[in-house]
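> Listed below, chain by chain, are the residues.
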Amino acid sequence: MVDAVVFAVSAAIILGGAFGVILSSHPVRAALSLIASFFGVAVLFVLQEAHFLALVQVVVYGGAVVVLFLFVIMLLGVDRSEDLRFEPLAGQRVAAGLVGLMVLALILGGLFLSGPGGDEGAVALSGQPTQNGTLELEPNNPDADDDVDRLADDLFTRNLLAFEATALLLTIATVGAVVLVRNRGAEDLVVDEPGSATH
Amino acid sequence: MEVTETWYLVLSALLFSMGLVGLLVRRNPLIMFMCVELMLNAVNITFVAFAGALDDIAGRTAVFFVLVVAAAEVVVGLSLVVALLRRRPSVSVDDLTALKG
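Protein chains in written order, with the working numbering: chain A, 1 to 199; chain B, 200 to 300.
Simulated from the structure, these hints should not be mistaken for lab results. Please read all numbers here as calculations on a predicted model, not as lab measurements. Possibly wrong hints are sitting among the right ones.
Stated by the list, open to error - Now the in silico label distances, taken between C-beta atoms and shown as ranges:
1. Val94/A - Ala297/B: 26 to 34 Å
2. Asp254/B - Val178/A: 37 to 45 Å
3. Val209/B - Leu170/A: 29 to 37 Å
4. Asp149/A - Val265/B: 15 to 23 Å
5. Met1/A - Asp294/B: 47 to 55 Å
6. Asp149/A - Leu279/B: 37 to 45 Å
What the hints assert, rightly or not - Okay, the calculated bits of chain B under chain A, using three or more residues with CB under 8 Å as the criterion:
7. 200-207
8. 212-221
9. 224-235
10. 238-245
11. 250-256
12. 262-273
C-beta: ideal position from N, C-alpha, C; glycine also.
The shape of chain A in the complex, shown without the other chains (with noise of 0.2 Å):
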């Protein structure tokens, strides 16, 4: 029963959020509910004791990602309210509706109209992979009822090739971000101004 409340009040954060994404005609506005919807996720993730994936929800999302975008807003002087009544291409929300709802609906027929999930299905899930290696390891160790014991010998055994790959990402996003932000001096912006490339 606390589940259910707590599980209602969360979606209702969540959705709540993501309403005021959406809605809002303030960028800055729109990051605190960005916040808000991310914190009710974390709620979520608490709720089936995904423990650390809530932490690191409120610290990556909360923290670091929203902060960039409020940066980014406060950096660029764009916090300026635009007007939402006014609609750029003719048709184009009732498109834009239609489009989720259609969305919705493939998802949703998805859950609930497919048959019945067999226990082989969940079994081809779940089933330990076959390690014809020589180094014997043990993943998804049941053994470890915590939940960072078992993420982490699932992440450093099974998927350890894809963790450094994560850094070689993050690497080349941050050297492509100095890259991209550089300035590279007056005369390549002059060129590109309409009109003034004489030269």
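We have chain A; now place chain B onto it with these hints.
Relative to the frame of chain A, chain B by itself:
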């Protein structure tokens, strides 16, 4: 009343659809990025729900990777937005037609 994984999946479907509608409707690139984050969060809810239902930690590992990739995506995307808006102080993606054929 017990919270089953179906509840989480329905909530995730709702959140994903709302993020999609926001991505299609809004023309501010920053808010479009926020809507992408909403959709990624919807997928994360699904991953954790299935990880709990099937008692398989792989779903939670997938959430971990989604988090990392989302952080990288935000870094690159926002630096693109900064590079674009610094040159042309417009807040609408409809005006970014430099690559139009």
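> Each hint should be assessed against the structure and marked as holding or not.
Verification of the supplied hints:
1. Val94/A - Ala297/B: 26 to 34 Å: holds (29 Å)
2. Asp254/B - Val178/A: 37 to 45 Å: Hint holds: Cβ distance 43 Å, inside 37 to 45 Å.
3. Val209/B - Leu170/A: 29 to 37 Å: holds (33 Å)
4. Asp149/A - Val265/B: 15 to 23 Å: At 21 Å between Cβs, range holds.
5. Met1/A - Asp294/B: 47 to 55 Å: For methionine 1/A and aspartate 294/B the Cβ distance comes to about 53 Å; the hint holds.
6. Asp149/A - Leu279/B: 37 to 45 Å: Since aspartate 149/A and leucine 279/B have Cβ atoms about 39 Å apart, the given range 37 to 45 Å holds.
7. 200-207: Per the Cβ count (6), the hint holds.
8. 212-221: holds (count 10)
9. 224-235: Holds, because 9 residues of the region 224-235 of chain B bring their Cβ atoms closer than 8 Å to Cβ atoms of chain A.
10. 238-245: Since three or more residues must qualify, the claim that chain A covers the region 238-245 of chain B holds, with 3 doing so at under 8 Å.
11. 250-256: Answer holds; 6 residues pass the 8 Å Cβ test.
12. 262-273: Holds, because 11 residues of the region 262-273 of chain B bring their Cβ atoms closer than 8 Å to Cβ atoms of chain A.
Figure legend: structure checked against the earlier numbered hints; every hint is met.
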